[in-house]
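If you want the building blocks of each chain, they are given just below.
2 protein chains.
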Amino acid sequence: MNNSFVLKGNICHSKNPNTLEIIENGFLVCEDGFSKGIFFKLPEIYSNLRLIDHKQNLILPGLTDLHIHAPQYSFRALSMDLELLDWLETNTFPEEAKYQNIDYAEKAYSIFTDDLKKSPNTRACIFATIHNEATKYLMKLLEDSGLVTMVGKVNMDRNSPEYLCEKNPETSINHTEKWLSETIGKFKNTYPILTPRFIPTCSDELMKNLKDLQIKFDLPMQSHLSENPSEIKWVSELCPKSAFYGDAYNQAGLFGGDCKTIMAHCVWSPEEEIDLMRKNGVFIAHCPQSNTNLSSGIAPVSKSLDKGLKIGLGSDVAGGSQLSVFRAMSDAIQASKLYWRLIDESAKPLTIENAFYMGTAGGGEFFGKVGKFDEGYEFDAVVIDDSLENMRTTLDLNIKQRLERIIYLSDDRNINAKYVRGARIL
Amino acid sequence: MNNSFVLKGNICHSKNPNTLEIIENGFLVCEDGFSKGIFFKLPEIYSNLRLIDHKQNLILPGLTDLHIHAPQYSFRALSMDLELLDWLETNTFPEEAKYQNIDYAEKAYSIFTDDLKKSPNTRACIFATIHNEATKYLMKLLEDSGLVTMVGKVNMDRNSPEYLCEKNPETSINHTEKWLSETIGKFKNTYPILTPRFIPTCSDELMKNLKDLQIKFDLPMQSHLSENPSEIKWVSELCPKSAFYGDAYNQAGLFGGDCKTIMAHCVWSPEEEIDLMRKNGVFIAHCPQSNTNLSSGIAPVSKSLDKGLKIGLGSDVAGGSQLSVFRAMSDAIQASKLYWRLIDESAKPLTIENAFYMGTAGGGEFFGKVGKFDEGYEFDAVVIDDSLENMRTTLDLNIKQRLERIIYLSDDRNINAKYVRGARIL
Chain A
1 MNNSFVLKGN ICHSKNPNTL EIIENGFLVC EDGFSKGIFF KLPEIYSNLR
51 LIDHKQNLIL PGLTDLHIHA PQYSFRALSM DLELLDWLET NTFPEEAKYQ
101 NIDYAEKAYS IFTDDLKKSP NTRACIFATI HNEATKYLMK LLEDSGLVTM
151 VGKVNMDRNS PEYLCEKNPE TSINHTEKWL SETIGKFKNT YPILTPRFIP
201 TCSDELMKNL KDLQIKFDLP MQSHLSENPS EIKWVSELCP KSAFYGDAYN
251 QAGLFGGDCK TIMAHCVWSP EEEIDLMRKN GVFIAHCPQS NTNLSSGIAP
301 VSKSLDKGLK IGLGSDVAGG SQLSVFRAMS DAIQASKLYW RLIDESAKPL
351 TIENAFYMGT AGGGEFFGKV GKFDEGYEFD AVVIDDSLEN MRTTLDLNIK
401 QRLERIIYLS DDRNINAKYV RGARIL
Chain B
1 MNNSFVLKGN ICHSKNPNTL EIIENGFLVC EDGFSKGIFF KLPEIYSNLR
51 LIDHKQNLIL PGLTDLHIHA PQYSFRALSM DLELLDWLET NTFPEEAKYQ
101 NIDYAEKAYS IFTDDLKKSP NTRACIFATI HNEATKYLMK LLEDSGLVTM
151 VGKVNMDRNS PEYLCEKNPE TSINHTEKWL SETIGKFKNT YPILTPRFIP
201 TCSDELMKNL KDLQIKFDLP MQSHLSENPS EIKWVSELCP KSAFYGDAYN
251 QAGLFGGDCK TIMAHCVWSP EEEIDLMRKN GVFIAHCPQS NTNLSSGIAP
301 VSKSLDKGLK IGLGSDVAGG SQLSVFRAMS DAIQASKLYW RLIDESAKPL
351 TIENAFYMGT AGGGEFFGKV GKFDEGYEFD AVVIDDSLEN MRTTLDLNIK
401 QRLERIIYLS DDRNINAKYV RGARIL
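Chains as they are written, first to last, in our numbering: chain A, 1 to 426; chain B, 1 to 426.
What the hints contain is simulated information worked out from the structure, not anything from laboratory work. None of these values were measured; they are calculated from a predicted model. Honestly, I wouldn't trust all of these hints.
Quick list of in silico lysine to aspartate or glutamate cross-link-like pairs, EDC-like style, CA-CA up to 16 Å [said to hold, decoys possible]:
id: 1; chain 1: B; residue 1: Lys118; chain 2: A; residue 2: Glu389
id: 2; chain 1: A; residue 1: Lys348; chain 2: B; residue 2: Asp81
id: 3; chain 1: A; residue 1: Lys107; chain 2: B; residue 2: Asp396
id: 4; chain 1: A; residue 1: Lys118; chain 2: B; residue 2: Glu389
id: 5; chain 1: A; residue 1: Lys307; chain 2: A; residue 2: Asp258
Stretch by stretch, here's where chain B covers chain A in the computed footprint (C-beta under 8 Å, at least three residues) [stated by the list, open to error]:
id: 6; region: 31-41
id: 7; region: 103-112
For each residue, glycine too, the CB sits at the ideal point set by N, CA and C.
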């Protein structure tokens, strides 16, 4: 079968947030798109499967981007001299409004999807815009790419410029329900996800009605939380009855529990918010580069990891500029070192193991059994050739050292092959 | 003549730390390796010069790396889980000791020089090791590359492992003088620079004798300053008579004034140190990525820039992992935003203009009239092709926006041509 084969190479994945498992010259078995595990010696029962020898290359789980805005890819690495709320108003909303024009959306989303396909990421949770047609087009492109993604038509019914605002809660819900009815179950690898932009742009009534949709269609949900001090202050004014920002989502029933939820950022989350996220199994999408570029701050993510919260990494393009979750890993380590030095010496810097875990198994868990090579996991793998020009050294490196250099130095040239759910897409 | 020609393209350079000059479809004239300036229309007197049309590409001044360790390039992006002093002991010193072996040095320095040549940098101030032969070999390679560099044989006569320590001040001085006599005036583009590693590894007597060498040969000088709190504490113990770290250099006469000096880092410099640097015209090599990777902190560089200090950027490989000074520019902006948010809201974040200035004219000034296209400046230019895959967007960008994206997104694939002192080397 096409989706059953054996990969040979230097295999590395996370056992847990603190431990890598490394098998040199090992065998990784894929059967019907699922992993059968890693083997030092290929078991006899798999000897009839096609063997693809990746030789000295590294075979890693595909990376998961837990938070990215597809329509913002066009202006990545531009105009980052503003804080969040001004940046949304000045740069983001005008660009997102263009996606009402399907021709523009086709062009821009094609570039985005092509580049995502070439990245080391195999999964992503994606914000689109408020526009149904453009969002459906993006989903079609992503489906064709072979990547596995969750894509959200965004909800915004207040505090948004007229050109990018759904007239009222009813309009927003009607559009969203129409979009859901046209996309749920329509793709093999592409799923809708409920996507209220964030509390400031979603009225209480909209949130209440979104909860009904969430129940009706049994949907996961993604949004933003506690990114910037001004945003947090605004939310406390908009929702005087909420004890903290996350409580505003929680009061609508959209904060984990029976609603599988990702909250991006959590830079300034108070302790009660962190505790509730842990209790409700809310995933944190840690977006270190974006939090730096928009002057938001540094999320104390090593502390949350120690507390057992579910954490993955997000590129947050276009708050962040790079798609590769390898870059998010090194950014996360770097930010954690500054946090330790400048803010709190009890928050120990993230290790390579921590960062690699978050970018693979940590974020992958939002998709189910994803991000490891243990038996029963969906088979997403990225094969890295680090023998190329941009990696040259005189040193003999062990596998962990090679992984470290990949995290800091690799780009799309180093990606030799990519498998998603057992299908080779690169 | 070979070194006289005209470049046509979109030309951009810094007028001052806060202002870019941008000439679209302009003409940049090089005569005998020096700039004759930028022109909207090519003056008649240059009409007989060879014209190279770089079309829509950007033509920028070559970048200057004010601080980099050539022997550390081999272990870039490795083992960055330690602070400065432990990192030196565990990772750096054992690797630098290998350069006693000239075969190893030849291999490693060849990789370093090849990669530096492919980078957007045209100038660099480089630390080698304590070894004369390897350092001379590095200088020969750099000379062959066409880059313009200052290279330092390092001095270390105390607090260093036996395998990487010059026996006493006399040995260190004798070796250094021998190396100087063999390299001064021997190259067209490669110059020796006095390089006491830092106060902890250089005895008072060594520093005193280095000052004699500095005067005798009229040498510039480079070292490290106020990088890490433990280092600073150690220096205060080693030099109880110095009022602050920089004063220890100053007491030896090696802190600017008649000795053209670069001090790398200055993360924790007290006000008196900053004031003395300004007074003495000491250059700061700001190394944001290294200061992050080694958990040193963030240098308040926008404040120093406002005070009129001379500041350039350093990759500080292998504290930093990337050679490109474009990366140092974006790292500097990012670090300054976190400093503003987390430490001091009166220290305004660096702008694109600030960062580009530091990476071109700011650091270039250490080499003389370098880093701008004004008439009389040495002609270093890098031509960037941002029409490639890794830059794609649906937006129509102006030149400043294209520059911003180059700073955040470019890699060696975007370098279309490189001129140093009027010679095309790429």
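For each hint, the structure was consulted:
no.: 1; hint: Lys118/B with Glu389/A; result: holds (11 Å)
no.: 2; hint: Lys348/A with Asp81/B; result: holds (11 Å)
no.: 3; hint: Lys107/A with Asp396/B; result: holds (13 Å)
no.: 4; hint: Lys118/A with Glu389/B; result: holds (11 Å)
no.: 5; hint: Lys307/A with Asp258/A; result: violated (21 Å)
no.: 6; hint: 31-41; result: violated (count 0)
no.: 7; hint: 103-112; result: holds (count 4)
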